[in-house]
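With the hints as constraints, model all of the structure from the sequences given.
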Amino acid sequence: MTPLHDEYPWARIHSLDYPVKLDQLSDVLDAIRVTRHSANGDLGRETRLVGASADMQAIRRLAEQVAPSIANVLITGESGTGKEVVAREIHERSGRKGPFVAINCGAIPDHLLESELFGHEKGAFTGAVAARAGRFEMANGGTFFLDEIGDMPPTMQVKLLRVLEERVIERVGGTKQIPIDVRVIAATHRDLPARIATGKFREDLFYRLSVFPIEIPALRERAEDIEPLCNEFVRRLAMQQGVDLVIGKRAMQALREYAWPGNVRELANLVERLAVIKPDGIVGEKDLPRPLSDAAADLENDIRVVSASLSPVALPESGIDLKAYLSKIERDMIEEALAASNGVVQAAAKRLGIGRTTLVEKIRRYALRKPE
Amino acid sequence: MILVVNHGREQARSLKQLIEFMDTPDVLTSTPANWRECLGDDPLEALFVGADLSESDVKQLLVDVGRINPDVPIVMMQGDTEA
Chain A
1 MTPLHDEYPW ARIHSLDYPV KLDQLSDVLD AIRVTRHSAN GDLGRETRLV
51 GASADMQAIR RLAEQVAPSI ANVLITGESG TGKEVVAREI HERSGRKGPF
101 VAINCGAIPD HLLESELFGH EKGAFTGAVA ARAGRFEMAN GGTFFLDEIG
151 DMPPTMQVKL LRVLEERVIE RVGGTKQIPI DVRVIAATHR DLPARIATGK
201 FREDLFYRLS VFPIEIPALR ERAEDIEPLC NEFVRRLAMQ QGVDLVIGKR
251 AMQALREYAW PGNVRELANL VERLAVIKPD GIVGEKDLPR PLSDAAADLE
301 NDIRVVSASL SPVALPESGI DLKAYLSKIE RDMIEEALAA SNGVVQAAAK
351 RLGIGRTTLV EKIRRYALRK PE
Chain H
1 MILVVNHGRE QARSLKQLIE FMDTPDVLTS TPANWRECLG DDPLEALFVG
51 ADLSESDVKQ LLVDVGRINP DVPIVMMQGD TEA
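Protein chains in written order, with the numbering used here: chain A, 1 to 372; chain H, 1 to 83.
If a hint is listed, it holds; no wrong ones were tucked in.
Distance windows between CB atoms, simulated:
1. H:79 <-> A:353: 31 to 39 angstroms
2. H:55 <-> A:269: 44 to 52 angstroms
3. A:167 <-> H:44: 29 to 37 angstroms
4. H:55 <-> A:194: 53 to 61 angstroms
Straight-line Cα separation of at most 25 angstroms, PhoX-like style, residue types lysine-lysine; simulated pairs:
5. A:362 <-> A:323
6. A:362 <-> H:16
7. A:159 <-> A:200
8. H:59 <-> A:122
9. A:286 <-> A:249
10. A:350 <-> H:16
11. H:16 <-> A:21
Quick caveat, the hints were computed from the structure, so don't treat them as lab data. The C-beta atom is built at its ideal place from N, Cα and C for all residues, glycine as well.
As structure tokens, then:
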């Protein structure tokens, strides 16, 4: 933390060492994206609900109906079904001027959750060198999306219930009551009635949150959405990475017949992976990983394919400068991956099976330039 | 638009290149004196503040950016500016 926080408490200040370390820069850029996305709503995110099934049409109608009100919404569904997409759709259609702010209640350690939600005053605890607004305050005038609400610890459930009832918050270590105008949307993949029965979730909070419940069915229950979703992911990949991917009829049929335990998220990952393996071609049935969920078997298969396509190298009698030779191969591979990925480093790193920062290090070492 | 405000042109250019390599396009470099002109009407999405700026330059920059959009993330560079 920098003392600048004291003078400019509104400022979202990050720090970065100079000379720049790539992993630190990568972390800062990721954090900025989160902050920027939280502050501005939908930057870089797709909010459109995709799908032609009766279920998706019903969900679209529900989202439209509830959007203009300030009713709390509880979205339920298996992991990867797109609960946040629905929440964003509601926010987009609500006409609320404030930001869409999201938090994953299950991803934040219990002891930090209260400060994250409600903010804290300077000196409230060790390390609280400046006052800081919490997510509720950040979402003022907008929508606050509480993901994985079923994993919220019981002590926080009590505090959240009070905020929902009284529409005021108190920062940790503070005494001032701060009024908030926030529309709350919660989501969970858990069976909340079952958790109420076992004492893990408060019944009064459940009823307060589920004023307007929306349930998203698993992807296997709406197979007619698979093709439109695939087409949408292919369209996004074409826009982002210039990849021209076509999924053949038989492959599409295989996708429709698969159970998709990871739901829409698993489908998106598969399409992205197919784009890496077949960036400019028609995906046939044989190109699909078998079984789709067996990632380890797929990886082994990929390695076999790559190994088979490489020529065996004979060691010259006069010997070889192995280091220089390997560097040359590495440089050529990186250049090729960058060109094939239209200069998108993240995509090139994926093609090469290395991390983004590792690739950037190598690009600098070889003094390569990104293709324009 | 991501803006790098720094006196040292070489450092700013090198940081711009690194940020762009991280798949974050649209990075501009400028000095404290001309950043408004450089930015023009583009929305400011993040500000990188060079370690070689004076305290008064930094404070003025923060105040001016806060007037445009207080939600803009600000990254303060820290360390040896000669490196």
